[in-house]
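Asker: Protein chains in written order, with the numbering used here: chain A, 1 to 373; chain B, 1 to 373; chain C, 1 to 373; chain D, 1 to 373.
Keep in mind that a hint or two might mislead.
[Stated by the list, open to error] Computed list of lysine-lysine pairs in DSS-like fashion (alpha-carbon distance at most 30 Å, straight line):
id, chain 1, residue 1, chain 2, residue 2
1, A, 66, A, 41
2, C, 174, B, 334
3, B, 225, A, 151
4, D, 41, D, 174
5, A, 334, D, 337
6, B, 225, A, 235
7, B, 265, A, 225
8, B, 235, A, 225
9, A, 174, B, 334
10, D, 265, C, 174
11, D, 41, C, 225
Just so you know, the hints here were simulated from the structure itself, not pulled from any lab data.
Protein chains: 4
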Amino acid sequence: MGMVGGGPGAFIGPVHRMAAELDGRIELVAGAFSSSAEKAKAAAAMYRIDPARAYVSWEEMLAAEKQREDGIDFVVITTPNHLHLPIAKAALDAGFPVVSDKPATATYDEVLELERVVAAAGLPYALTHTYAGYSLVREARAICASGALGKIRKIAVDYLQGWLSAPIEGTGQKQAEWRVDPKLSGPGGAIGDIGTHAFHLVEYVTGLDVTGIYASLRSVIPTRKVDDDCTALLKLDNGAEGVLLVSQIATGEGNNPRLRVYGEKASLHWEQEDPNHLRIRPASGPEEIRHAAGAYLSADARAVTRLPGGHPEGYLEAFAVLYREFADWLEAWKADKSAKPPATLPGIRAGVRGMRFIERAITSNASGNWIEF
Amino acid sequence: MGMVGGGPGAFIGPVHRMAAELDGRIELVAGAFSSSAEKAKAAAAMYRIDPARAYVSWEEMLAAEKQREDGIDFVVITTPNHLHLPIAKAALDAGFPVVSDKPATATYDEVLELERVVAAAGLPYALTHTYAGYSLVREARAICASGALGKIRKIAVDYLQGWLSAPIEGTGQKQAEWRVDPKLSGPGGAIGDIGTHAFHLVEYVTGLDVTGIYASLRSVIPTRKVDDDCTALLKLDNGAEGVLLVSQIATGEGNNPRLRVYGEKASLHWEQEDPNHLRIRPASGPEEIRHAAGAYLSADARAVTRLPGGHPEGYLEAFAVLYREFADWLEAWKADKSAKPPATLPGIRAGVRGMRFIERAITSNASGNWIEF
Amino acid sequence: MGMVGGGPGAFIGPVHRMAAELDGRIELVAGAFSSSAEKAKAAAAMYRIDPARAYVSWEEMLAAEKQREDGIDFVVITTPNHLHLPIAKAALDAGFPVVSDKPATATYDEVLELERVVAAAGLPYALTHTYAGYSLVREARAICASGALGKIRKIAVDYLQGWLSAPIEGTGQKQAEWRVDPKLSGPGGAIGDIGTHAFHLVEYVTGLDVTGIYASLRSVIPTRKVDDDCTALLKLDNGAEGVLLVSQIATGEGNNPRLRVYGEKASLHWEQEDPNHLRIRPASGPEEIRHAAGAYLSADARAVTRLPGGHPEGYLEAFAVLYREFADWLEAWKADKSAKPPATLPGIRAGVRGMRFIERAITSNASGNWIEF
Amino acid sequence: MGMVGGGPGAFIGPVHRMAAELDGRIELVAGAFSSSAEKAKAAAAMYRIDPARAYVSWEEMLAAEKQREDGIDFVVITTPNHLHLPIAKAALDAGFPVVSDKPATATYDEVLELERVVAAAGLPYALTHTYAGYSLVREARAICASGALGKIRKIAVDYLQGWLSAPIEGTGQKQAEWRVDPKLSGPGGAIGDIGTHAFHLVEYVTGLDVTGIYASLRSVIPTRKVDDDCTALLKLDNGAEGVLLVSQIATGEGNNPRLRVYGEKASLHWEQEDPNHLRIRPASGPEEIRHAAGAYLSADARAVTRLPGGHPEGYLEAFAVLYREFADWLEAWKADKSAKPPATLPGIRAGVRGMRFIERAITSNASGNWIEF
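Chain A on its own, in the form it takes in the complex (with noise of 0.2 Å):
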């Protein structure tokens, strides 16, 4: 693969590295990690890839890696995210399926041109929302699924993290910086960072759709010119209501997606800071903690693990999944250009409902009312 984005400095681009690679299955072979031809340099050698291929621009990777017979064949997009689009729509035209970090595009509208883009390239493209990687939000798939819950009728979904407390922006904290900048990030702040992984979580899990929002957005550092802390009420296709914590000003927090699906026969539980236990609460009768791995698990939750119960895994496993899925998509694909991509894996059209999430959840929050979704 080759990725664009993903410089010394940075933190998911190592991230990408070791999860496609987990499996042994895909290989970081080229990279445009920095336009600066030095740091391009360097990230070659911290990548241990060869120094040829490491490019100043994904113009020049995309150029170069098609002449090559042993080209890369796909790309890995981890740039801020006013690059998403302009990245993934050259990489498709120049007919390289994509692996895209979240959120998908900078807006809403870039997200309908990017749609249009991928179903008329008709080539892999998968979103790398991580929590749906760990094995046991499959099983809580699974479970809600299953109807073993009963009808849904409450969500409680929170991304609570604390690093932004400060305006570490002015430090130069890199992270922070494009985050906080609308022109690179896009008009959403923490809600587009990190709700839309929690709004990804929501209607992944429980398989509805999200049909009307009431959002209330705020920006607790005042001098940040987007959102740091939001909720956000939301109505469910099946007549369900939910509630979205969202923030990056929760001091102390590290990095807690936290699902509760609460259903009329029971609810389940899960967070990312503890992501090998999923409990089971029923109406009457004991509380139920199933455990990563158990021969009890899911089909969908135990082809996801790569270790036997009591080993943990963790943040780059999960992350990792998502990658084998989308090698087995690309193999599948290579062989028969039909081949539908894994119904697990996130694609284009959670990047249509996160940005969609994004521009209504703003919109919600400067008309100060409930709007549909």
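Chains B, C and D: place on chain A using the hints.
Answerer: Okay, now just chains B, C and D, sitting in the frame of chain A:
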């Protein structure tokens, strides 16, 4: 003390008895437990009090006890909400201090009347917001007051129960029946029954006043005449915002008020089903768990534990803290009619705030708007 | 009831008072709290009993109360261990049933004498092994009895405290002083003070008898005349083996008896600092958490909770369960002198087993060998 | 690298592959995965290596790779224990550095021989005691070394599994079969397979050496020729004592090495099934939870995390830390044959200590006595 309500089948009456008597300061000696003579007698036997002091109406109890040399020295009200005002008024009129279960009355208008009556009577009046009696809730309050969190920015409070997930009010379940009948409970369902506890916890711990509210209430059980699932967004007088999740249809949940307070410097985390631990998470540095009865706790927290560390105290002990403080006040007041209540004991102001909360939540929900508190 | 011991500065006296009175069945009305007249008076004030019934010796209390029409109907012993036997004997000789704090006596020889006295007296006698009063310990016992674990193979019991990590017995700490003085506590230190609780938990929950022991005792604080850290290996009468870890120098530990029982089919896990949850882990299938007051619990477990699920009950409530069962027995015995004690209430047999445990542990440690129990 | 063992059906082979490659420093390119040509081929496909480099014997692999310009630069051994010595010897004799799964050999005599071979060869040799690779195990080690606990007095280490609760070795379960066959695993069963990990954790974290042992081993499954449940008491060189609980018949347990270290001033608590939290409990003051990747952690702990706080790292990541350190050493050694191994990487000394532990435990158990280590 003399109790009104709490006859056979009641949950909270025996709780009041155990809590009131725990510290050996108060004794239940009379009651108007039921208007049925038979049930009143049964209650007398259950509580092991003199059957002659088990009255069939509170009017009778007040009159008779007033005459006795060894008469009760205060009244505790444990009836459904619609009787709180008339009983409290009658008791205060008769010169009896009052301990009342929450909410203070059935409606906001009623509590304003009660506020006047309490003020005019000049008698001790306390409201049993149980959770305020936990040692580590006191610690959380002390921490907020100390400024150790920095400016408070965000509050998340939950109070989730699952016991009304099904329409059990039709099955003879007495506890459910009156709670979902607006004639007995007032216009609020879950928002009144448990929402007031959650609301109280927010103001009690942070020392902040709620100044704005946006509430969404619904009845998930369609035949139910009051709300059973509620979400509210709150604005606080220092600019902080809050989210309040309250539900009685959260299948599988027991009884778990849970509070998170995020400041500039640190956050605190407490939940009632694990009441002997309080978590502090700083912006940097390790997480801290304070254990009940730790020698390092604030004076307010240390004052209300009865056991050394590692010996769990629970709901009854927290409840008994309120009675202990009421007993302190009662003794002081007997000696000096101008004696002030302990600052940590919920009183009529908490009652007014709580009823205001119900009224404002219902009004906001009806209008679909943020409103001033 | 009349108490011996429990004067000013005592920990366990007030605990007995609160626990005994919690259910409204028993009232503390007399005491020999201290041999100092002044302290006895102070205790009377603290316990709010008639000062005339605060005696300066237990002999006096027994004699005086025997004469009163409204005299006490049983005696509770809360003194240091060396007085347990003489007081129990005198009380039983005087016709008073006895509740005794553990261990039953100071030495094994003493408990054999006490066993004879109890048998001869034909009076109720109970031993407050507090942890046996927890609802979920009763559930664990019911599970073992039901065979749901299959044959029990391995038991691990801990009771770790840290409060004697430093030689605080030299600093005026009354609780520490008598516990490390063999003249007052008997030959066992930690092994007697808390080891007997751990040992009791094993036999109480599993229904198995210990038949062999290898013990290693030591005094980590070199000036200490009794053990403060102990490990014992146990053999049980069904072939199972056990490990018992007991320490009072486990710095940072509070008060956490913790039991794990491994059978052929499943294991169970309970710890006192989280007493309202019992974990069952089957050979296959999800882990299960049983919550106190669950409608699905065994009759024995349900019989001893006072509150609905989600309302934590703690140490005092567990303690009060033993008093409730004693009160049941006392009432039955008053009506019929041959009334049997509740099967779930620790009595003289538990006392004999516990003292045997101390003696056997010390003997094994001295010999460095496994010995028969 | 070239692997010996790890063919189809193996658990630990693929784990070594993923761990070795995670940081992009090492690549599996050859293997002697099986003596069956068919299985060797299948393994080549599974690992996606050149089928020409999938050999049917390690002798062949060593010979062939030695000839290649692009030959492997070290050997990893993942076979049953009885082959560890001959393979390690052959590899070292052929000039290849070695990474070996634990235990180092099948018997104590063998490890002494291996120790001589390693010393003579002057080549890097590492032993994959996985748990030593967790960041917070490194933190625990740094804390002990810092003196922050004060003098260490007591250690409790558990390693409990339940997967051998039933005699599954008779059912074709390959993992179970060789582990309970003394010809393949050596004389130790659970004590060797997982006991050595627990033992290593003790010495690794505390920096203390075990100097005495009393061990009790048994086979709960009667047909089993090796132990499956073990308890050992330990003496350490500073006077501390320890208790080690190891079992593979602890029904319901997953894979949970768990360490508690009690010092004069504080204790520390870590368990593998929750690897990203380390608890410190001081004699006084609140409990502290250190989170993986906290900026406040020791340099040793910070050096080995790949993700920001709140992104769980697990077993594979810990395993990969050992490979990263081996890669560091290998690179340094290529440049300078006298390069020292990283102090944190388990090597041949850990291997000797571990085999000594098995031998001493078996000897103590046979004699029924405490013995010198």
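Asker: Compare the structure with each hint and give your call.
Answerer: Right, here's what the structure says about each hint:
Distance restraint check for residue 66/A and residue 41/A: the Cα-Cα separation of roughly 21 Å lies within the 30 Å cut-off, and the hinted pair is therefore satisfied. Distance check on the hinted pair: residue 174/C and residue 334/B sit about 36 Å apart at the alpha-carbon level, beyond 30 Å; violated. Restraint check for residue 225/B and residue 151/A: the C-alpha separation of about 21 Å stays at or below 30 Å, so the hint holds. With a C-alpha separation of about 19 Å, the suggested pairing of residue 41/D with residue 174/D holds against the 30 Å cut-off.
Between residue 334/A and residue 337/D, the direct Cα distance comes to roughly 48 Å. Violation of the 30 Å bound is thereby established for this hinted pair. For the suggested pair residue 225/B and residue 235/A, the alpha carbons sit about 21 Å apart, so the restraint of at most 30 Å is met. With a C-alpha separation of about 22 Å, the suggested pair residue 265/B and residue 225/A falls inside the 30 Å cut-off, and the hint holds. Under the criterion of a C-alpha separation no larger than 30 Å, the hint pairing residue 235/B with residue 225/A is consistent with the structure, at around 21 Å.
Restraint check for residue 174/A and residue 334/B: not satisfied, since their Cα atoms lie roughly 66 Å apart, outside the 30 Å limit. Taken as a hint, the residue 265/D and residue 174/C pair is honoured in the structure, with Cα atoms around 22 Å apart against an allowance of 30 Å. With a CA separation close to 69 Å, the supplied pair residue 41/D and residue 225/C exceeds the 30 Å bound.
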